Amino acid sequence: MDILQQISDNLQRGDDDKVFALTKQAIENNLPPKSILDDGLIAGMAVVGKKFKAHEIFLPDVLLAAKAMYAGMDQLKPLLIKEGIPAIGKIVVGTVQGDLHDIGKNLVAIMLKGAGFEIIDLGNDVSPEKFVDAALTNEASVIGLSALLTTTMPVMKKVVDLVKERNLSDKIKVIVGGAPLTDDYAHEIGADAYGFDGMNAVDKVKMLMELN
Amino acid sequence: MKEIVEIPREEIIPDKETILKNQGIPNLDDLSDKVNRICDEALKLFMELNTPVAVYAEISKDEFEEVYEGEGKNEIPSPVAEIYPRAKQMALFALTVGGDLSNKIIELFTNHDFALGAMLDSVASEATENAGLYLASYYLASVSGENGIGLDDAIMRYSPGYCGWHISGQGKLFEYLNPEEIGIELNDSYLMIPIKSISGVMIIGPREIHEFEMAYRFCDTCKNKGCRDRINEMLGQ
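Same order as they appear, the protein sequences are chains A and B.
Counting in my numbering, the final residue of the first sequence is number 212, and the numbers go up one at a time with none missing.
Counting in my numbering, the final residue of the second sequence is number 237, and the numbers go up one at a time with none missing.
Worth flagging that the hints you see were computed from the coordinates, not collected in a lab.
The structure presented is a predicted model; accordingly, all values stated were derived computationally and were not measured.
We put the beta carbon where it would ideally sit given N, CA and C, even for glycine.
Do not rely on the hints blindly, as some may be mistaken.
[Stated by the list, open to error] Derived Cβ-Cβ restraints for the label pairs, each shown as a range:
id: 1; chain 1: B; residue 1: SER137; chain 2: A; residue 2: GLU210; range: 47 to 57 Å
id: 2; chain 1: B; residue 1: ASN27; chain 2: A; residue 2: LEU211; range: 33 to 43 Å
id: 3; chain 1: B; residue 1: ASN36; chain 2: A; residue 2: HIS55; range: 13 to 23 Å
id: 4; chain 1: A; residue 1: LEU211; chain 2: B; residue 2: GLU66; range: 46 to 56 Å
id: 5; chain 1: B; residue 1: ARG228; chain 2: A; residue 2: LYS51; range: 27 to 37 Å
id: 6; chain 1: B; residue 1: SER144; chain 2: A; residue 2: LYS130; range: 28 to 38 Å
id: 7; chain 1: B; residue 1: ARG207; chain 2: A; residue 2: LEU211; range: 49 to 59 Å
id: 8; chain 1: A; residue 1: LYS130; chain 2: B; residue 2: ILE193; range: 39 to 49 Å
id: 9; chain 1: A; residue 1: GLU210; chain 2: B; residue 2: GLU41; range: 36 to 46 Å
id: 10; chain 1: B; residue 1: GLU69; chain 2: A; residue 2: PRO78; range: 49 to 59 Å
id: 11; chain 1: B; residue 1: GLU107; chain 2: A; residue 2: LYS130; range: 19 to 29 Å
id: 12; chain 1: A; residue 1: ALA54; chain 2: B; residue 2: ILE193; range: 35 to 45 Å
id: 13; chain 1: A; residue 1: HIS55; chain 2: B; residue 2: GLU41; range: 16 to 26 Å
Please construct the entire structure, taking both the sequences and the accompanying hints into account.
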């Protein structure tokens with residue numbers, strides 16, 4: 001079987017040791033890093049995403065696959081940088097100011113990375129200014145905001161407003177997510193999208209970046 | 001009266017079905033061997049690392065009025081404001097399952113052990129909720145028979161940040177209760193550290209005082225709806 005297909009299959013099974021070994025082998029065989037990434041790792045994660053959406057597998061299975069993805073990515077990243085191959089997009093993510101809950105944000109970041117995006121993770125308790133400044137500095141086109149507490153949801157509006165105040169709405173889109181959020185709330189505060197889970201966030205970000 | 005309660009670890013172990021439901025797995029039949037092993041490992045880590053402890057202090061209605069008022073940011077009307085004047089007895093409380101669990105979850109994510117990290121997070125969250133249930137039962141049992149408290153009475157917990165009680169209410173609650181004694185700190189955003197902690201007021205009174213309709217302004221946007229489950233459980237429905 002084709003080595004890239006083997007990488008994809010083992011990633012889907014969440015076998016990080018095999019994905020690590022196969023990626024190493026593919027690099028040693030002089031396969032182009034971009035091909036290993038696109039046709040091995042990202043292709044595998046895409047299948048995982050489809051199965052998750054179809055309820056054939058569950059969150060822990062996705063996270064095992066993500067671990068396998070990282071095992072391959074860690075080897076590919078220096079080569080991709082060396083060859084000047086960019087990620088499909090840059091996204092700044094963080095949990096909003098006043099909120100320390102970052103599990104949801106971490107899961108979304110893992111899914112986005114698995115889909116081929118570069119993630120600038122600002123952590124938790126992040127101020128609106130820091131989100132916007134980080135997006136500008138890193139030339140990110142999307143800011144992903146997470147909140148678990150209803151009391152910190154208004155901070156999301158502050159980020160959206162700040163993007164508008166600085167006339168960045170054309171350059172920077174804002175997606176929001178978190179347990180207490182709804183599509184209606186996202187619309188009400190003027191966010192560009194709402195992601196109800198990690199996989200949905202990937203779809204919405206692709207939509208915002210017109211990658212679909 | 002104020003008391004520090006060492007909660008027995010074995011009393012708050014979450015059941016597997018609940019943990020897996022939190023992970024989006026609707027029933028145990030759908031469980032793969034691999035995920036089952038991760039769940040077992042998370043439970044084992046939990047047993048090694050959790051250090052549940054609580055503090056509670058009884059409070060009069062007049063004193064609670066001041067605590068509840070907080071910084072004057074509560075929703076009006078709100079369920080708590082209507083319930084506590086009819087209480088027979090109440091106590092402020094705070095509890096935690098400890099910081100070691102949170103640190104371990106961060107470590108697992110850093111090491112790319114995402115599945116185990118997320119599973120341990122679900123275990124810890126559910127255990128914190130179980131610790132709340134344990135403390136409420138403990139307090140109710142300890143005052144049963146006093147102040148006319150009997151079988152027709154029920155105890156319910158209400159926390160700042162929920163049901164119209166503004167999160168800034170944590171400030172006054174901490175001033176009164178001093179949960180720092182059991183290792184819980186409050187940050188500038190009124191969040192507790194360790195993060196797997198809860199605080200609030202336990203109110204004892206006739207069952208009917210705890211029943212309320214979801215007719216408050218903030219109920220429209222609330223996705224939690226945990227109040228419905230708690231009320232139904234109290235009423236035995």
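Problem - Violated constraints from the hint list, given by number and in increasing order - result: 6 and 8
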